[in-house]
Each structure stands twice: as structure tokens, then as C-alpha cells.
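Undergrad: Chains X and C are the protein sequences, given in the same order.
Per my numbering, the first sequence starts with residue 4, numbered consecutively.
Per my numbering, the second sequence starts with residue 426, numbered consecutively.
No lab work stands behind these hints, which were simulated from the structure alone.
All C-beta atoms, glycine included, are put in the ideal place defined by N, C-alpha and C.
It is possible that some hints are incorrect.
[What the hints assert, rightly or not] List time: in silico BS3-like cross-link candidates among lysine-lysine, alpha-carbon distance up to 30 Å:
1) Lys52/X / Lys72/X
2) Lys496/C / Lys52/X
3) Lys496/C / Lys434/C
4) Lys52/X / Lys482/C
5) Lys52/X / Lys439/C
6) Lys495/C / Lys482/C
7) Lys482/C / Lys434/C
8) Lys434/C / Lys495/C
9) Lys81/X / Lys52/X
[Claimed, not checked] Calculated from the model, a selection of chain X residues having no Cβ within reach of chain C, i.e. all distances over 12 Å:
10) Ser12
11) Gln41
12) Leu49
13) Glu91
14) Thr99
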Amino acid sequence: AQSVTQLDSQVPVFEEAPVELRCNYSSSVSVYLFWYVQYPNQGLQLLLKYLSGSTLVESINGFEAEFNKSQTSFHLRKPSVHISDTAEYFCAVSGTGGSYIPTFGRGTSLIVHP
Amino acid sequence: NAGVTQTPKFRVLKTGQSMTLLCAQDMNHEYMYWYRQDPGMGLRLIHYSVGEGTTAKGEVPDGYNVSRLKKQNFLLGLESAAPSQTSVYFCASSYGSSQHFGDGTRLSIL
Chain X
4 AQSVTQLDSQ VPVFEEAPVE LRCNYSSSVS VYLFWYVQYP NQGLQLLLKY
54 LSGSTLVESI NGFEAEFNKS QTSFHLRKPS VHISDTAEYF CAVSGTGGSY
104 IPTFGRGTSL IVHP
Chain C
426 NAGVTQTPKF RVLKTGQSMT LLCAQDMNHE YMYWYRQDPG MGLRLIHYSV
476 GEGTTAKGEV PDGYNVSRLK KQNFLLGLES AAPSQTSVYF CASSYGSSQH
526 FGDGTRLSIL
């Protein structure tokens with residue numbers, strides 16, 4: 004069994020400021036980790052994922068996340084946010100074998116103010 | 426390339442009515458999923474399928490049924506709708522570890 008805790012339900016930030024969205028997970032097996040983004044009235048889109056190898060993974064739009072096995076965390080960061088980053092962000096975890104059925108966190112609403 | 430398509434996009438039902446939500450994917454994915462999304466609850470898995478002709482229960486299956494007669498389609502049925510089933514429903518498909526989502530169906534039960 005696995006679980007995901009997103010520690011903040013809402014994160015307000017000003018444009019061009021840095022941001023960190025926190026995610027902790029619990030699992031008895033090896034994991035894959037994901038961040039998805041959901042813009043208003045849309046489905047979720049994969050932002051980035053950790054499967055193996057380098058613990059630091061990056062997205063094409065400037066987000067990055069670091070897998071920390073000892074702290075069971077996968078926090079999402081961006082050094083300078085834009086208004087267009089306003090969205091709901093979901094962290095998810097799955098096992099590495101078998102069916103890959105993911106477990107999602109409850110989401111963090113990132114609100115970027117001008 | 427349409428990806429994952431959900432129909433309808435919106436629906437209002439009366440308590441006790443039945444309906445079917447359709448999900449279609451054109452990526453030849455084996456796995457398909459139905460989730461519901463409620464405020465503050467994240468995504469909760471209703472049912473999923475690991476291939477044509479197979480289905481399995483997720484976290485919140487009660488009150489729903491599913492069928493996967495064709496690989497590209499995954500149907501979610503509500504036999505007797507209840508107000509507690511008012512939600513946004515998302516379908517997803519996957520081949521490996523990452524999921525591809527539709528844009529959702531907003532369902533209101535009065």
C-alpha cells in the first residue's frame with residue numbers, strides 16, 4: 004500500500020518569486036513518482052516524473068523536483084513563477100512493478116499574483 | 426491525435442436516473458481508469474481495466490459499474506444516480522507508468 008501527502012492545499016505567491024510545493028509519500032516497495040498539473044476546466048497533464056537514475060528531474064517549462072529517498076519526499080520547485088503557472092498540482096506515487104496503478108495526493112492550488 | 430476523449434462533457438440527472446459515461450482513447454493503451462474528483466479530495470479511483478474484457482475495483486467502486494468490451498473504450502455506468510455522485514469524472518489511459526487524461530465530465534445529480 005502507498006500514500007501521498009501534499010502538505011499545502013494552497014500556495015499563494017507573487018509573479019517572479021520562487022515556489023516550492025511539498026510532497027511526501029509512504030510505500031513499502033520501490034516507487035515511481037510523478038507531478039501532474041491541472042489547468043481550469045481541463046484534465047491532468049504530466050509535468051515530470053522520476054523513474055530511476057538522476058534524482059533531480061526537470062520539466063520543459065522550468066519546474067524541477069528532487070527524489071529524496073531518505074526523507075520520502077518529491078518536492079516540486081520553480082525559481083521564478085509566471086501568472087500562467089496558476090493551476091492545481093498533484094503529486095502521485097506508483098509501485099515499480101506490475102500494474103503501476105498510481106495513488107494521488109489531494110492537490111496543491113498554486114495561485115500566482117501579479 | 427485526439428488522445429483521450431470523454432462524452433458527454435456536462436450532464437444533469439435526477440436522483441434515480443441512470444446514465445453511461447463514455448471514454449475513448451486512440452493510443453492503443455492497455456490500461457484505462459475512471460476517477461472522480463471532488464474539492465479537497467484529489468482524484469479517487471473508481472474502477473480500472475488492465476486490458477480488453479477485464480475490469481477491477483478501485484478505491485470507491487460502490488454505485489458504479491464499468492465495461493471494457495473494446496480496447497479503445499471504457500464505459501462507466503451509474504444505475505441509479507444519487508446526489509453523492511455529483512462530481513467531475515476523469516478517464517485516463519496508460520501504456521507504461523504515465524497516465525493520459527481526458528478533459529472530464531461534470532455530472533450533477535439533483
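Undergrad: Hint by hint, say whether it matches the structure.
TA: Hints, verified against the model:
no. : hint                : verdict
1   : Lys52/X / Lys72/X   : holds, 15 Å
2   : Lys496/C / Lys52/X  : holds, 26 Å
3   : Lys496/C / Lys434/C : holds, 22 Å
4   : Lys52/X / Lys482/C  : holds, 26 Å
5   : Lys52/X / Lys439/C  : violated, 41 Å
6   : Lys495/C / Lys482/C : holds, 18 Å
7   : Lys482/C / Lys434/C : holds, 24 Å
8   : Lys434/C / Lys495/C : holds, 21 Å
9   : Lys81/X / Lys52/X   : holds, 15 Å
10  : Ser12               : violated, 7 Å
11  : Gln41               : violated, 8 Å
12  : Leu49               : violated, 5 Å
13  : Glu91               : violated, 9 Å
14  : Thr99               : violated, 8 Å
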